[in-house]
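Participant: Assemble the whole structure, with the sequences as input and the hints as a guide.
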Amino acid sequence: MSRTMEGPNPMPAPVQAAYAYCEAVTGGQARNFAYGIRLLPAGKRQAMSALYAFSRRVDDIGDGTLAPETKHVRLEDTRALLDRIRKGDVEDDDTDPVAVALADAAQRYPLPLDGLDELIDGVLMDVRGASYETWDDLKVYCRCVAGAIGRLSLAVFGTQPGAPGAERAPEYADTLGLALQLTNILRDVAEDAAGGRVYLPADDLAKFGCTEGFGTGRPPAGSDFAGLVHYEVRRARALFTEGYRLLPMLDRRSGACVAAMAGIYRRLLDRIERDPWAVLRGRVSLPGHEKAYVAVRGLSGLDARVIGRQGHGGRP
Numbered sequence: 057m058s059r060t061m062e063g064p065n066p067m068p069a070p071v072q073a074a075y076a077y078c079e080a081v082t083g084g085q086a087r088n089f090a091y092g093i094r095l096l097p098a099g100k101r102q103a104m105s106a107l108y109a110f111s112r113r114v115d116d117i118g119d120g121t122l123a124p125e126t127k128h129v130r131l132e133d134t135r136a137l138l139d140r141i142r143k144g145d146v147e148d149d150d151t152d153p154v155a156v157a158l159a160d161a162a163q164r165y166p167l168p169l170d171g172l173d174e175l176i177d178g179v180l181m182d183v184r185g186a187s188y189e190t191w192d193d194l195k196v197y198c199r200c201v202a203g204a205i206g207r208l209s210l211a212v213f214g215t216q217p218g219a220p221g222a223e224r225a226p227e228y229a230d231t232l233g234l235a236l237q238l239t240n241i242l243r244d245v246a247e248d249a250a251g252g253r254v255y256l257p258a259d260d261l262a263k264f265g266c267t268e269g270f271g272t273g274r275p276p277a278g279s280d281f282a283g284l285v286h287y288e289v290r291r292a293r294a295l296f297t298e299g300y301r302l303l304p305m306l307d308r309r310s311g312a313c314v315a316a317m318a319g320i321y322r323r324l325l326d327r328i329e330r331d332p333w334a335v336l337r338g339r340v341s342l343p344g345h346e347k348a349y350v351a352v353r354g355l356s357g358l359d360a361r362v363i364g365r366q367g368h369g370g371r372p
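Just so you know, the numbering used here puts 220 at position 164 of the sequence shown, and the rest follows in order with no gaps.
No lab work stands behind these hints, which were simulated from the structure alone. Quick reminder that beta carbons are idealized off the backbone N, C-alpha and C, glycines included. You may find that some hints are simply not true.
Said to hold, decoys possible - The calculated EDC-like cross-link candidates involving lysine to aspartate or glutamate, where the alpha carbons are at most 20 Å apart (straight line), are: (1) Lys143 <-> Asp115; (2) Lys127 <-> Glu174; (3) Lys195 <-> Asp260; (4) Lys127 <-> Asp182; (5) Lys127 <-> Asp173; (6) Lys195 <-> Glu298; (7) Lys127 <-> Asp145; (8) Lys263 <-> Asp280; (9) Lys143 <-> Asp192; (10) Lys143 <-> Asp133; (11) Lys195 <-> Asp139; (12) Lys195 <-> Asp133; (13) Lys195 <-> Glu174; (14) Lys127 <-> Asp139; (15) Lys127 <-> Asp177; (16) Lys195 <-> Glu227; (17) Lys263 <-> Asp192; (18) Lys263 <-> Asp173.
Unchecked claim - Cβ pair distances, simulated, as ranges: (19) Asp145 <-> Asp326: 31 to 37 Å; (20) Asp193 <-> Asp145: 33 to 39 Å; (21) Gly218 <-> Gly283: 23 to 29 Å.
Facilitator: Okay, structure coming up:
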């Protein structure tokens with residue numbers, strides 16, 4: 057039975073505090089994610105915050121300044137913690153608030169915790185300095201670090217009873233995660249290059265003459281960098297279109313959450329498409345007021361209806 061803050065099975069104070077910690081982490085660090093989950097009812101918002109806080113921990117290890125060997129140890133330690141959560145070995149009074157919150161969320165929702173193992177595997181690819189020859193190769197990485205989070209989120213949202221095609225909901229959630237991650241990759245081209253990382257597939261770079269020097273964030277003279285960006289934008293839009301098929305399967309507030317997050321990334325994609333060179337000048341982002349506007353549209357159902365038509369082949 058679900059535990060709540062009130063009622064016959066009240067949520068223990070340490071669990072409430074653990075969720076409050078995770079919500080503070082989410083509100084303070086999630087640039088786009090937080091705008092969507094604000095639209096959820098309290099229980100789902102808490103569970104999503106626990107997922108975010110755990111995922112943030114994994115990402116921070118991968119992005120930190122520790123030596124690769126130390127990162128590997130820290131990530132495997134985090135995997136061991138995940139195993140404890142999976143086995144129900146985390147008590148409410150554990151000193152790790154993220155573990156407490158995620159363990160409680162796993163009791164309340166059918167979370168496929170193996171998805172967080174996939175996230176750790178994806179971050180280990182970063183630690184090893186993996187590169188990707190083809191889009192099929194990059195998809196493996198994107199499924200680990202984003203598609204898996206989409207499937208975990210779906211376990212919190214649930215699908216509406218009797219929703220047509222609901223058996224494909226995990227597939228659509230996974231695909232929407234790929235769309236968000238590819239948008240992230242485009243947005244962060246300069247930042248990643250400064251850190252010695254190139255995520256775009258090598259055969260795409262070669263197709264547009266961008267191979268030499270791309271790791272420095274400076275495409276070679278004569279390359280068609282704008283063509284490369286537009287090519288990847290089209291790929292991301294196709295992924296969004298497929299992933300949007302998830303929306304009609306969700307309840308109103310869960311659909312609003314997904315529509316808000318997708319809407320923010322769609323607008324980022326629009327900006328990148330209009331000015332491909334902007335990604336080399338710095339991180340492309342939306343101002344807070346525009347994110348809030350997208351969230352309001354999501355809650356009102358406006359973006360959900362537009363996205364739903366796109367997901368079925370229509371046009372807004």
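Participant: Decide, hint by hint, whether the structure agrees.
Facilitator: Outcome of the hint check:
1. For the hint linking lysine 143 to aspartate 115, the alpha-carbon distance of about 23 Å lies beyond 20 Å, and the restraint is violated.
2. Taken as a hint, the lysine 127 and glutamate 174 pair is honoured in the structure, with Cα atoms around 16 Å apart against an allowance of 20 Å.
3. Between lysine 195 and aspartate 260 the CA atoms are separated by roughly 14 Å; this keeps the pair inside 20 Å, and the hint holds.
4. Taken as a hint, the lysine 127 and aspartate 182 pair is honoured in the structure, with Cα atoms around 10 Å apart against an allowance of 20 Å.
5. Proposed proximity of lysine 127 and aspartate 173 is supported: the alpha carbons are some 15 Å apart, at most 20 Å.
6. Taken as a hint, the lysine 195 and glutamate 298 pair is honoured in the structure, with Cα atoms around 15 Å apart against an allowance of 20 Å.
7. Distance hint between lysine 127 and aspartate 145 is unfulfilled; the C-alpha atoms sit about 24 Å from each other, more than 20 Å.
8. Between lysine 263 and aspartate 280, the direct Cα distance comes to roughly 9 Å. Compliance with the 20 Å bound is thereby established for this hinted pair.
9. Our distance criterion of 20 Å between C-alpha atoms is broken by lysine 143 and aspartate 192, whose separation comes to about 34 Å.
10. For the proposed pair lysine 143 and aspartate 133, the alpha carbon gap of about 15 Å is at most 20 Å, so the pair holds.
11. At roughly 26 Å between alpha-carbon atoms, lysine 195 and aspartate 139 are farther apart than 20 Å, so this suggested pair is violated.
12. Taking the CA atoms of lysine 195 and aspartate 133, the gap is near 26 Å; set against the 20 Å cutoff, the hint is violated.
13. Restraint check: the Cα-Cα separation between lysine 195 and glutamate 174 comes to about 13 Å, which is no more than 20 Å; the hinted pair holds.
14. Proposed proximity of lysine 127 and aspartate 139 is supported: the alpha carbons are some 18 Å apart, at most 20 Å.
15. Between lysine 127 and aspartate 177 the CA atoms are separated by roughly 12 Å; this keeps the pair inside 20 Å, and the hint holds.
16. A hinted pair counts as satisfied when its Cα atoms are at most 20 Å apart, and lysine 195 with glutamate 227 qualifies at roughly 13 Å.
17. A hinted pair counts as satisfied when its Cα atoms are at most 20 Å apart, and lysine 263 with aspartate 192 qualifies at roughly 16 Å.
18. Of the pairs offered as hints, the one joining lysine 263 and aspartate 173 is violated, with about 34 Å between alpha carbons and a cut-off of 20 Å exceeded.
19. Checked against the hint of 31 to 37 Å, the pair aspartate 145 and aspartate 326 fails, with Cβ atoms roughly 46 Å apart.
20. The hinted range of 33 to 39 Å is satisfied by aspartate 193 and aspartate 145, whose Cβ atoms lie roughly 36 Å apart.
21. Between glycine 218 and glycine 283, the C-beta spacing of about 45 Å breaks the proposed range 23 to 29 Å.
Checked against the numbered hints above, the structure breaks hints 1, 7, 9, 11, 12, 18, 19, 21 and satisfies the rest.
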